[in-house]
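*Asks:* One letter stands for each residue in the lines below.
Protein chains: 2
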Amino acid sequence: MAEKKMVEAITSMEEDFSKWYTDVVKKAELVDYSSVKGCMVIRPYGYAIWENIQHDLDDRFKKTGHENVYMPLFIPESLLQREKDHVAGFAPEVAWVTQGGDEKLTERLCVRPTSEVLFCEHYAKVINSYRDLPKLYNQWCSVVRWEKTTRPFLRSSEFLWQEGHTMHETAEEAQEETMRMLHVYADFYKETLAIPAVIGQKTEKEKFAGALATYTIEPMMHNGVALQGGTSHYFGDGFAKSFGITFTGRDNTLQSPFQTSWGVSTRMIGAIIMVHGDDNGLVLPPKVAPIQLAIVPIAQHKPGVLEKAAQLKERLSGKFRVKLDDSDNSAGWKFSEYEMKGVPLRLEIGPKDIEKNQCVLVRRDNREKIFVSLDQLEESVEQALQAVHDGIYQKALENLQNKTHVAHTHEEFLDIAKNQPGFIKAMWCGDSACEDKLKEETNGVKSRCIPFEEEHLGDTCVCCGKPAKHMVYWGKQY
Amino acid sequence: MAEKKMVEAITSMEEDFSKWYTDVVKKAELVDYSSVKGCMVIRPYGYAIWENIQHDLDDRFKKTGHENVYMPLFIPESLLQREKDHVAGFAPEVAWVTQGGDEKLTERLCVRPTSEVLFCEHYAKVINSYRDLPKLYNQWCSVVRWEKTTRPFLRSSEFLWQEGHTMHETAEEAQEETMRMLHVYADFYKETLAIPAVIGQKTEKEKFAGALATYTIEPMMHNGVALQGGTSHYFGDGFAKSFGITFTGRDNTLQSPFQTSWGVSTRMIGAIIMVHGDDNGLVLPPKVAPIQLAIVPIAQHKPGVLEKAAQLKERLSGKFRVKLDDSDNSAGWKFSEYEMKGVPLRLEIGPKDIEKNQCVLVRRDNREKIFVSLDQLEESVEQALQAVHDGIYQKALENLQNKTHVAHTHEEFLDIAKNQPGFIKAMWCGDSACEDKLKEETNGVKSRCIPFEEEHLGDTCVCCGKPAKHMVYWGKQY
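Protein chains in written order, with the numbering used here: chain A, 1 to 478; chain B, 1 to 478.
If you're looking for bench data, these hints aren't it; they were derived computationally from the structure. Treat each hint with caution, since some may be false.
It does not matter which identical chain is meant; a pair holds if it fits inside one copy or across any two.
Subject to a maximum C-alpha distance of 35 Å in a straight line, what follows is the list of computed DSBU-like cross-link-like pairs (lysine-lysine) [unchecked claim]:
1) LYS63 - LYS319
2) LYS302 - LYS319
3) LYS63 - LYS313
4) LYS446 - LYS104
5) LYS446 - LYS207
6) LYS287 - LYS62
7) LYS26 - LYS125
8) LYS62 - LYS323
9) LYS308 - LYS287
10) LYS287 - LYS403
11) LYS190 - LYS323
12) LYS205 - LYS104
13) LYS125 - LYS148
14) LYS190 - LYS63
15) LYS148 - LYS437
16) LYS287 - LYS323
17) LYS241 - LYS37
18) LYS308 - LYS369
19) LYS27 - LYS241
Computed from a predicted model, the values in this text were never measured in an experiment.
Produce the complete structure using the sequences and hints provided.
*Replies:* Okay, structure coming up:
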């Protein structure tokens, strides 16, 4: 049975990466466009990935002591204005509700772009004593940021996310929480999404509106463009003071608590597509794949084949997410279909296999065929899924490494920015003027982060030549 | 150890049911108010109930073949207007977004009050052949309906819900789906929430805007007021025609599919409170209780007590949702606290119990004490939780039965409406003018539903005396 492509072809990555991306999200039936500008319909296959992401992350949040809550969708304009850096950052990109039913509202309400101010308003009421701390809350919801150019999952006017908002007795505890959640994200990227990333701190210029420090996960897409994969912010007690949140401390004095927030969104699905996908479509990490194993019967009209395939489905369904495709489509069509949908493993079973008490597992990532005895089927599937996970992680890591370049001089920086898509590691003086200059000169290369593991690449800033303070990862971003 | 009340008392139900309700939602820490009019903050304990409800219902939806999706939060005004009955029903109560960032929108967007039109717009694109049917989609999200008077969980400008929207090849299949999902709700109410209800069909006057038929679950609150607990709608092909949804049928002709929608919301938490609660606070059905068992150590300063309590927590945690309260608060305070929070079972363990290798289980619903051997602890807890479920269901059923009255005449109807809160069963001619008249005469008694099991209570309408068509359940509602 030839593995030739029988479903309508998609644009190749090399030809047009952007069109390849759009083809994949449409043909794999992840999203559909709607008549609402910049908003997407997340279809069953796309939403099932999000549900698997949610379950995994939610477990991690609960194991680290967090509780889920739900805050209102709307923020009154006066509430948004209570913290001035925050409102300056978000006001230009929010949607405003001005009318409720037949009446014009006396105060405009914005649709939440993020919920710091709502959490603060609530915390002001429920935090009174050090005994009420820490408060470790998280919320799963949708948020709205009015975007001019949009792209499914990567940038849309509405998206789904989780936002954690916590309050702590001391600055140290809040800083620890900020780091803890950054590492929860980094572990999740590695263990669940099979995506390696650079982690580090955002520069002053790139940090979250109102935060004292922002930490970030920066994975590298297949085409050398970076993506902000998740952020964790430390706020100090700035918001707490603006919102009058106080507690009686252990020493009986009135104090302000220290705050964090952290979030990841449906944008992660965009990262999965662009990190693991190939010219045959999606490649899904086994842990979030809605279908982990697609059973394709071979010569299914022959006696006993469909019965055996159904038995295998029954047998594997308790342990894995399995689909049996016993439709009339040809086996070749089915191969292409489940490749397009990124199903990590295909199981082929035909008359000869049945005779030999075996079946064939085919890996999506490298098309390796594994002949396995039906006696050890569960173990073999388990191992093959792990092999796919490890394989795509390794491939993504090599891509990240291959697309990370070092610039020692200004000229080198500009040359790499122009000719070699990817991260550029280079020294920086700490001045945001140099960030602005480099961005302008390179048509959009920005500082991604100051990595936790800095290297010494020289003594001077790659832009201005003044003494360097940090090594920074730079790159274009989605 | 006296079980006297040590936490701040709540208003009694008899004294002021409405204040009792507000006290319970606040003191059990289910919700908090926010500065956004009519919107509530759902606190961790309240949200955990919602999560348990979601898991249970989502399983039921998936077992009946449904898939989750996510549609946009916004609906353009022109899209909402495509089905005229529907827009007439919802337009007066929606919130309008008129500004995005700095720009005034050329077309207003309403924040979804329900998503029929968005599903229809999408279905028009993805349904082409009978092979694409049925489409069985569900969405978990928040919706907004601009309410003038609000009450936590019962009526709020924003609430959380699920909305199922399905498309079928034939009218029969769609009608079957409408009934299937109504019964999924009814089973869920009985088996999970321990709430009995009357089920039946809404009258023309009370049906959903744009539906051909609406079916409903009507539980009875403790105070004799009814609540619309969940609805399932059959639409025929009306929306499909308005939205140009067609498919090529088995006979190769172009046809319109038949549609349903069905939903339940956080209002169910209001029903739980008002059906099961008592003067000591919440009483939670064991299947959705965030804490199923609270362990209260007795004489916890005595050697070995806290260790034993911690062992029991460890032992039970794999199977039940358990909290051990080893705080310094008195045992009496803890008893009241977990009663207020509606925890179905309390486990007391003290030095004498340890000596006898036993502990005491105390049921929240009737305070029955059960002395159980630690050797059979898991079985005993399991049985006691089931006993609480059965006990509160039985009590709720008796309340529903005791608060259901029969009116044979107009005078009888008005007398019951005035003096005996609850359902009134009475014959009706089928004319909505009689519904209007009875509502006006009784200060708000409306038809709840035409039950599936009608009784013959006479030959004439209780209002106008003309020939009766149906027996109807009537009542005031939240």
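*Asks:* So, for every hint listed, does it hold in this structure?
*Replies:* Hint check:
no. : hint            : in the structure
1   : LYS63 - LYS319  : both (23 Å within a copy, 17 Å between copies)
2   : LYS302 - LYS319 : within (28 Å within a copy, 47 Å between copies)
3   : LYS63 - LYS313  : both (33 Å within a copy, 17 Å between copies)
4   : LYS446 - LYS104 : between (43 Å within a copy, 31 Å between copies)
5   : LYS446 - LYS207 : within (12 Å within a copy, 56 Å between copies)
6   : LYS287 - LYS62  : both (19 Å within a copy, 20 Å between copies)
7   : LYS26 - LYS125  : between (46 Å within a copy, 12 Å between copies)
8   : LYS62 - LYS323  : both (31 Å within a copy, 15 Å between copies)
9   : LYS308 - LYS287 : within (26 Å within a copy, 39 Å between copies)
10  : LYS287 - LYS403 : within (26 Å within a copy, 52 Å between copies)
11  : LYS190 - LYS323 : both (26 Å within a copy, 33 Å between copies)
12  : LYS205 - LYS104 : between (38 Å within a copy, 29 Å between copies)
13  : LYS125 - LYS148 : between (37 Å within a copy, 25 Å between copies)
14  : LYS190 - LYS63  : both (18 Å within a copy, 32 Å between copies)
15  : LYS148 - LYS437 : within (24 Å within a copy, 54 Å between copies)
16  : LYS287 - LYS323 : both (16 Å within a copy, 31 Å between copies)
17  : LYS241 - LYS37  : between (38 Å within a copy, 24 Å between copies)
18  : LYS308 - LYS369 : within (20 Å within a copy, 55 Å between copies)
19  : LYS27 - LYS241  : between (50 Å within a copy, 27 Å between copies)
Violated hints are absent here; each numbered hint is respected by the structure.
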